[in-house]
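Sequence order for the protein chains is A and B. If you use numbering that gives the first Met the number 0, the first sequence corresponds to residues 0 to 128, in order. If you use numbering that gives the first Met the number 0, the second sequence corresponds to residues 0 to 483, in order.
Derived by calculation from the structure, the hints in this document are not laboratory data. All figures in this text were calculated on a predicted structure; none of them were measured in a lab. Mixed in with the good hints there might be a few duds.
What the hints assert, rightly or not - Once the Cα atoms are required to be at most 27 Å apart in a straight line, the calculated DSSO-like pairs of lysine-lysine come out as: (1) B/Lys151 <-> B/Lys96; (2) B/Lys416 <-> B/Lys263; (3) B/Lys148 <-> B/Lys105; (4) A/Lys113 <-> B/Lys438; (5) B/Lys438 <-> B/Lys428; (6) B/Lys389 <-> B/Lys96; (7) A/Lys117 <-> B/Lys424; (8) B/Lys354 <-> B/Lys263; (9) B/Lys354 <-> B/Lys105; (10) B/Lys105 <-> B/Lys21; (11) B/Lys424 <-> A/Lys113; (12) B/Lys354 <-> B/Lys416; (13) B/Lys93 <-> B/Lys425; (14) B/Lys263 <-> A/Lys117; (15) B/Lys201 <-> B/Lys263; (16) A/Lys113 <-> B/Lys425; (17) B/Lys424 <-> B/Lys438; (18) B/Lys354 <-> A/Lys15; (19) B/Lys416 <-> B/Lys93; (20) B/Lys201 <-> B/Lys93; (21) B/Lys151 <-> B/Lys93; (22) B/Lys24 <-> B/Lys93; (23) B/Lys148 <-> B/Lys96; (24) B/Lys354 <-> B/Lys151; (25) B/Lys151 <-> A/Lys117; (26) B/Lys416 <-> A/Lys41; (27) B/Lys201 <-> A/Lys113; (28) B/Lys438 <-> B/Lys425; (29) B/Lys425 <-> A/Lys41; (30) B/Lys263 <-> B/Lys93.
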Amino acid sequence: MIESILYYFNQTEVIKTIVTLGSMGLFFVGLFGLLSQRHIIKVFISIGIMEIAVFIFFIGLSFQRGLTAPMLGDAHTTFIQMNDPIPHAMILTAIVIGMAVLALGISFAIEYYKLTGKNRLDEMNEMKN
Amino acid sequence: MSSIYFIALPLLFGFATPILAKFGKNGIAYSSILLQVALFVLSLQLFVTMDRSIIEVIAIAPPLGIGFVVNSISLFFVMLFTFFILMASLYYLKLRKLNPYPNEAKFFILINMLLASTIGLVLSSDIFNIYVFFEIAGISAYILSAYRKTPKALEAGLKYLLTGAVASIFLVFAIALLYLHLGTLNLALISQGFTALDSDIKLLISLFLLIGFGLKVEIFPLNFWVTDIYEGSDAFTDALFSAVVVKAYLFVFFHLLYLFLPNKEFTLFLLYLGAVSMLIAEVIALRQNNLKRIFAYSSLGQVGLLFVAFSMQDVISISAGLYILLAHSLAKMVLFLSLASLFEHYKNEDISLLKEMNSPFLRNVIIISMLSLLGIPLLAGFVGKFLLLKTVAFYGLFGLLGLLILSALIESIYYFKIIGLLLIKKETKEQFHPSTLQKFVLLVLTLGVIFVGVAPFAISDFMATSASVMLDTQSYQNLLLGAN
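Isolated chain A, as found in the complex:
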């Protein structure tokens, strides 16, 4: 019984469907947070969730079952039967960039809070003309 369930979930199509649905669900959770929350840190968390959803979507769909990691070693001397390394390299770069941007944003938010005591986007009104 359990084996047949596991076998079902181990099919490429099923895995990809789950990844797509899950990551898109996560994306909309983030989008909802971005649009509904007004606390600056919560908005940043929502942006982080959206980012992660896109990363999971990309990595999950570009992964192919049954292939090895893209590394040359004793048993593998050619680039055959290996996963595509480009999505991983891309997403690693994107994760680093995204983290840097969020860290910068939170440092802005902290400085802003220290100066004005405000931590919500709808209270930000230094410019009212």
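Mind docking chain B on chain A? Use the hints.
Quick look at chain B alone, frame taken from chain A:
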């Protein structure tokens, strides 16, 4: 190989700052300017020696590697950006006597990062590199925006960063979809494979690109915070945003759009989006009081006009777009730089500043650049607007023509209001003279405005070549794929 210098040298400058700081207080500032002069001379040299089409391509085996393409259109932008950032840095040399940025070494690193990343954006022929440069330009712009760490500046930086972070998510999404469907990041290969894709996917990718770049180029439904960003940042940084950063994003967006265009309706949509964007910006600008805000709305209007020009997909309209872009960058540079001096001197950012200011030189250059933005004949803005309206009329899009003329009329109302305030006699007040270097910078930019207006034929060949290169995606593909 010389195009790599445009990106590598400004980035390496950051690592050299600890050494340069040892050469005294001005070491970093002067070496930064020296670097920018060198890059500008290099771009001029490339311009002189080019054979009017393609100069060089650096590519490591096309399907995999990094590529930089220097053709006449990307060289146009490289010259533009190095020139404007050089001018801004020269202007800052005197501005720093009045009110320097704290921790100047960082400031110069950021300026050079901005230079490297905007040039990288226009030269890259690999969509993931475009994403990386997109982010570098974004991050340096956020920090420049919030640099003063006043509540206003921090609010502007936060808003810029939030919109930028959302923009980058949509760009990554578009890139992920492209890679999943086509298995490549190379622009030429994407361009080849794109037509065979399902039309829904094509539209989805284009929409994500539009959202990603639209948040950066200040197009209508996505520009709700742009004016706050302009108002909160320094006028000096606004000059860079308006003349350099936005232009880089705008060019890359249309470059990508031409390479993988979903369908005809999408460009028609962009055409009207641009026109509506312009109209709305000009209407809102009428009610503003803060000078930075007024010129921010005018920037939004001009971006709308540029959207119209680039969406027409016609050689004449694209060269019109390039003229408008050049004229707008020159004029906004003059306006924001002179405002930076005036704000420092009078400590007033409202429109009432114009009543109390007494500075004949600044008044004259401001008036000339505003008249150019309006499109008065014999000034730079006229050429582009005239060509564009001619093309729009030629294609029989009279509704669009009406929208554009209406927004130009509304634009003229508040422009003439400002010019009227500038022309009030103020002999009683003490005169304010900018320093000689600042006068020189503003004079060079204003002479540029007049030169392009009086003798547009001097560069019309180059503009037409650039426009046809931008439109000719087939030769771009051949160039990139046959380059190794």
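Results for each hint:
no. : hint                  : verdict
1   : B/Lys151 <-> B/Lys96  : 23 Å, holds
2   : B/Lys416 <-> B/Lys263 : 40 Å, violated
3   : B/Lys148 <-> B/Lys105 : 14 Å, holds
4   : A/Lys113 <-> B/Lys438 : 39 Å, violated
5   : B/Lys438 <-> B/Lys428 : 21 Å, holds
6   : B/Lys389 <-> B/Lys96  : 47 Å, violated
7   : A/Lys117 <-> B/Lys424 : 44 Å, violated
8   : B/Lys354 <-> B/Lys263 : 49 Å, violated
9   : B/Lys354 <-> B/Lys105 : 36 Å, violated
10  : B/Lys105 <-> B/Lys21  : 15 Å, holds
11  : B/Lys424 <-> A/Lys113 : 45 Å, violated
12  : B/Lys354 <-> B/Lys416 : 11 Å, holds
13  : B/Lys93 <-> B/Lys425  : 26 Å, holds
14  : B/Lys263 <-> A/Lys117 : 47 Å, violated
15  : B/Lys201 <-> B/Lys263 : 12 Å, holds
16  : A/Lys113 <-> B/Lys425 : 43 Å, violated
17  : B/Lys424 <-> B/Lys438 : 22 Å, holds
18  : B/Lys354 <-> A/Lys15  : 66 Å, violated
19  : B/Lys416 <-> B/Lys93  : 30 Å, violated
20  : B/Lys201 <-> B/Lys93  : 50 Å, violated
21  : B/Lys151 <-> B/Lys93  : 24 Å, holds
22  : B/Lys24 <-> B/Lys93   : 14 Å, holds
23  : B/Lys148 <-> B/Lys96  : 19 Å, holds
24  : B/Lys354 <-> B/Lys151 : 25 Å, holds
25  : B/Lys151 <-> A/Lys117 : 12 Å, holds
26  : B/Lys416 <-> A/Lys41  : 43 Å, violated
27  : B/Lys201 <-> A/Lys113 : 46 Å, violated
28  : B/Lys438 <-> B/Lys425 : 21 Å, holds
29  : B/Lys425 <-> A/Lys41  : 52 Å, violated
30  : B/Lys263 <-> B/Lys93  : 50 Å, violated
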